[in-house]
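Numbering (UniProt numbering), first residue to last: 1 to 216.
Treat the hints as calculated values from the structure; they're not laboratory data.
Be careful, since some hints might not be right.
[As the list claims (entries may be wrong)] Beta-carbon label-pair distances, calculated as ranges:
{"id": "1", "residue 1": "G128", "residue 2": "L84", "range": "12 to 20 Å"}
{"id": "2", "residue 1": "E69", "residue 2": "D34", "range": "31 to 39 Å"}
{"id": "3", "residue 1": "D34", "residue 2": "K70", "range": "36 to 44 Å"}
{"id": "4", "residue 1": "E157", "residue 2": "I200", "range": "39 to 47 Å"}
{"id": "5", "residue 1": "D34", "residue 2": "E207", "range": "15 to 23 Å"}
{"id": "6", "residue 1": "E83", "residue 2": "T201", "range": "41 to 49 Å"}
{"id": "7", "residue 1": "D63", "residue 2": "Q215", "range": "32 to 40 Å"}
{"id": "8", "residue 1": "E165", "residue 2": "G60", "range": "31 to 39 Å"}
[Said to hold, decoys possible] Capping the alpha-carbon separation at 35 Å, the derived lysine-lysine pairs in DSBU-like fashion look like this:
{"id": "9", "residue 1": "K180", "residue 2": "K76"}
{"id": "10", "residue 1": "K2", "residue 2": "K29"}
{"id": "11", "residue 1": "K180", "residue 2": "K118"}
{"id": "12", "residue 1": "K216", "residue 2": "K70"}
{"id": "13", "residue 1": "K76", "residue 2": "K29"}
{"id": "14", "residue 1": "K3", "residue 2": "K144"}
{"id": "15", "residue 1": "K144", "residue 2": "K216"}
{"id": "16", "residue 1": "K216", "residue 2": "K3"}
{"id": "17", "residue 1": "K126", "residue 2": "K70"}
{"id": "18", "residue 1": "K3", "residue 2": "K118"}
{"id": "19", "residue 1": "K118", "residue 2": "K38"}
{"id": "20", "residue 1": "K18", "residue 2": "K118"}
{"id": "21", "residue 1": "K216", "residue 2": "K126"}
{"id": "22", "residue 1": "K3", "residue 2": "K70"}
{"id": "23", "residue 1": "K144", "residue 2": "K126"}
{"id": "24", "residue 1": "K2", "residue 2": "K76"}
{"id": "25", "residue 1": "K70", "residue 2": "K29"}
{"id": "26", "residue 1": "K126", "residue 2": "K29"}
{"id": "27", "residue 1": "K70", "residue 2": "K180"}
{"id": "28", "residue 1": "K126", "residue 2": "K2"}
{"id": "29", "residue 1": "K2", "residue 2": "K180"}
{"id": "30", "residue 1": "K144", "residue 2": "K29"}
{"id": "31", "residue 1": "K3", "residue 2": "K29"}
{"id": "32", "residue 1": "K118", "residue 2": "K29"}
{"id": "33", "residue 1": "K144", "residue 2": "K2"}
{"id": "34", "residue 1": "K76", "residue 2": "K144"}
{"id": "35", "residue 1": "K76", "residue 2": "K216"}
{"id": "36", "residue 1": "K216", "residue 2": "K2"}
{"id": "37", "residue 1": "K18", "residue 2": "K126"}
{"id": "38", "residue 1": "K180", "residue 2": "K216"}
{"id": "39", "residue 1": "K76", "residue 2": "K3"}
{"id": "40", "residue 1": "K76", "residue 2": "K118"}
No residue lacks a Cβ here, since even glycine has one placed at the ideal position from N, Cα and C.
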Amino acid sequence: MKKGFVFDLDGVITDTAKYHFIAWRDLAKEINIDVDLKFNEQLKGISRMDSLERILAHGGRSDDFTPEEKAALAEKKNTHYVELLQSLTPADLLPGVHDFLDGAQANQVPCAIASASKNAPFILEKLGVADRFAAIVDPASLHKGKPDPEIFVKAAELLGFQPEECVGFEDAQAGLDGIKACGMYAVGVLSGEPLHGADITVHQLTELDIPELLQK
Numbered sequence: 001m002k003k004g005f006v007f008d009l010d011g012v013i014t015d016t017a018k019y020h021f022i023a024w025r026d027l028a029k030e031i032n033i034d035v036d037l038k039f040n041e042q043l044k045g046i047s048r049m050d051s052l053e054r055i056l057a058h059g060g061r062s063d064d065f066t067p068e069e070k071a072a073l074a075e076k077k078n079t080h081y082v083e084l085l086q087s088l089t090p091a092d093l094l095p096g097v098h099d100f101l102d103g104a105q106a107n108q109v110p111c112a113i114a115s116a117s118k119n120a121p122f123i124l125e126k127l128g129v130a131d132r133f134a135a136i137v138d139p140a141s142l143h144k145g146k147p148d149p150e151i152f153v154k155a156a157e158l159l160g161f162q163p164e165e166c167v168g169f170e171d172a173q174a175g176l177d178g179i180k181a182c183g184m185y186a187v188g189v190l191s192g193e194p195l196h197g198a199d200i201t202v203h204q205l206t207e208l209d210i211p212e213l214l215q216k
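Work out the full structure: start from the sequences and follow the hints.
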């Protein structure tokens with residue numbers, strides 16, 4: 001019997017990938033690196049610093065910046081990203097998410113957010129669903145990023161459950177690998193790239209029956 005739901009944020013609850021792409025593209029351009037949408041797929045589900053390192057490697061500039069300069073670049077990207085997020089509203093919830101969260105509440109299933117984004121609390125407030133989540137994992141408290149399962153273990157812990165007592169929802173392969181690595185039941189949310197290893201895949205959360213899901 002499952003007792004809790006653990007959600008990735010971007011690509012599952014809302015889609016801020018376009019804002020991430022714009023912010024990374026603009027930053028990369030400033031340091032003479034070209035980033036396109038295809039390359040951007042590699043940045044989904046991983047941390048800000050890991051994304052920056054991939055961009056620098058992509059442009060052959062991994063050794064051109066000190067750790068302090070890299071931190072400043074990452075912060076500059078985030079400032080631009082947060083500015084872009086100001087336009088978010090509850091209308092930016094992905095289709096079916098509001099009804100699914102209503103269903104979780106009706107079935108007394110506590111929910112947590114397991115996202116690499118340090119902006120998760122702000123995003124949830126803008127979307128009008130912050131009160132639907134009993135816990136949000138602070139990425140700064142983690143030692144390893146996805147695909148390491150640490151973030152999902154932490155989310156289950158914050159809900160008061162073991163990982164195997166929870167269902168995890170992810171749209172990125174790195175996150176899905178993390179869910180499976182800690183023994184959670186994995187729901188893959190298809191948003192473009194194929195997903196491998198999910199226990200079930202859907203395009204929208206409304207394709208799922210919550211009481212049935214809790215029996216997994």
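Structure-based check of all given hints:
1. With their beta carbons about 18 Å apart, G128 and L84 fall inside the hinted range of 12 to 20 Å.
2. Restraint check, E69 to D34: a C-beta distance of roughly 20 Å breaks the suggested window 31 to 39 Å.
3. As the Cβ distance of D34 to K70 is approximately 19 Å, the hint placing it in 36 to 44 Å is violated.
4. Restraint check, E157 to I200: a C-beta distance of roughly 24 Å breaks the suggested window 39 to 47 Å.
5. Remark: the range hint 15 to 23 Å for D34 to E207 is contradicted by a beta-carbon distance near 38 Å.
6. Distance hint check for E83 and T201: the Cβ-Cβ separation is about 34 Å, which falls outside the suggested range of 41 to 49 Å.
7. Taking 32 to 40 Å as the suggested C-beta distance range, the pair D63 and Q215 does not conform, at roughly 52 Å.
8. The hinted window of 31 to 39 Å between E165 and G60 is violated, with their beta carbons roughly 46 Å apart.
9. Under the criterion of a C-alpha separation no larger than 35 Å, the hint pairing K180 with K76 is consistent with the structure, at around 34 Å.
10. Taken as a hint, the K2 and K29 pair is broken in the structure, with Cα atoms around 46 Å apart against an allowance of 35 Å.
11. In summary, the hint linking K180 to K118 is supported, as the alpha carbons are separated by about 23 Å, within the 35 Å threshold.
12. Taking the CA atoms of K216 and K70, the gap is near 44 Å; set against the 35 Å cutoff, the hint is violated.
13. Between the alpha carbons of K76 and K29 the distance comes to roughly 13 Å, so the proposed pair stays at or under 35 Å and holds.
14. A hinted pair counts as satisfied when its Cα atoms are at most 35 Å apart, and K3 with K144 qualifies at roughly 25 Å.
15. Under the criterion of a C-alpha separation no larger than 35 Å, the hint pairing K144 with K216 is consistent with the structure, at around 28 Å.
16. Restraint check for K216 and K3: satisfied, since their Cα atoms lie roughly 10 Å apart, inside the 35 Å limit.
17. Taking the CA atoms of K126 and K70, the gap is about 29 Å. The hint holds against a cut of 35 Å.
18. Distance restraint check for K3 and K118: the Cα-Cα separation of roughly 26 Å lies within the 35 Å cut-off, and the hinted pair is therefore satisfied.
19. Simply put, K118 and K38 have alpha-carbon atoms about 24 Å apart, close enough for the 35 Å limit, and the pair holds.
20. With a C-alpha separation of about 17 Å, the suggested pair K18 and K118 falls inside the 35 Å cut-off, and the hint holds.
21. A C-alpha spacing of about 32 Å is found between K216 and K126, which places the hinted pair at or below 35 Å, so the restraint holds.
22. Proximity of K3 to K70 is assessed by CA-CA distance (about 41 Å); at most 35 Å being required, the pair is judged violated.
23. For the proposed pair K144 and K126, the alpha carbon gap of about 28 Å is at most 35 Å, so the pair holds.
24. As the CA atoms of K2 and K76 are separated by approximately 41 Å, the hinted pair breaks the 35 Å bound.
25. For the given pair, K70 sits about 15 Å from K29 by alpha-carbon distance, which is consistent with the 35 Å threshold.
26. With a CA separation close to 29 Å, the supplied pair K126 and K29 stays within the 35 Å bound.
27. Straight-line distance between C-alpha atoms of K70 and K180 comes to about 32 Å, which keeps the hinted pair within the 35 Å bound.
28. Between K126 and K2, the direct Cα distance comes to roughly 29 Å. Compliance with the 35 Å bound is thereby established for this hinted pair.
29. For the proposed pair K2 and K180, the alpha carbon gap of about 15 Å is at most 35 Å, so the pair holds.
30. Proposed proximity of K144 and K29 is supported: the alpha carbons are some 28 Å apart, at most 35 Å.
31. For the hint pairing K3 with K29, the CA-to-CA distance comes to about 46 Å; that exceeds 35 Å, so the pair is violated.
32. With a CA separation close to 24 Å, the supplied pair K118 and K29 stays within the 35 Å bound.
33. Only pairs whose Cα atoms come within 35 Å are accepted, and K144 paired with K2 is accepted, the gap being roughly 26 Å.
34. For the proposed pair K76 and K144, the alpha carbon gap of about 23 Å is at most 35 Å, so the pair holds.
35. For the suggested pair K76 and K216, the alpha carbons sit about 43 Å apart, so the restraint of at most 35 Å is broken.
36. A hinted pair counts as satisfied when its Cα atoms are at most 35 Å apart, and K216 with K2 qualifies at roughly 7 Å.
37. Restraint check: the Cα-Cα separation between K18 and K126 comes to about 16 Å, which is no more than 35 Å; the hinted pair holds.
38. Using a Cα cut-off of 35 Å, the hinted pair K180 and K216 holds, with the two alpha carbons roughly 14 Å apart.
39. Taking the CA atoms of K76 and K3, the gap is about 39 Å. The hint is violated against a cut of 35 Å.
40. With a C-alpha separation of about 14 Å, the suggested pairing of K76 with K118 holds against the 35 Å cut-off.
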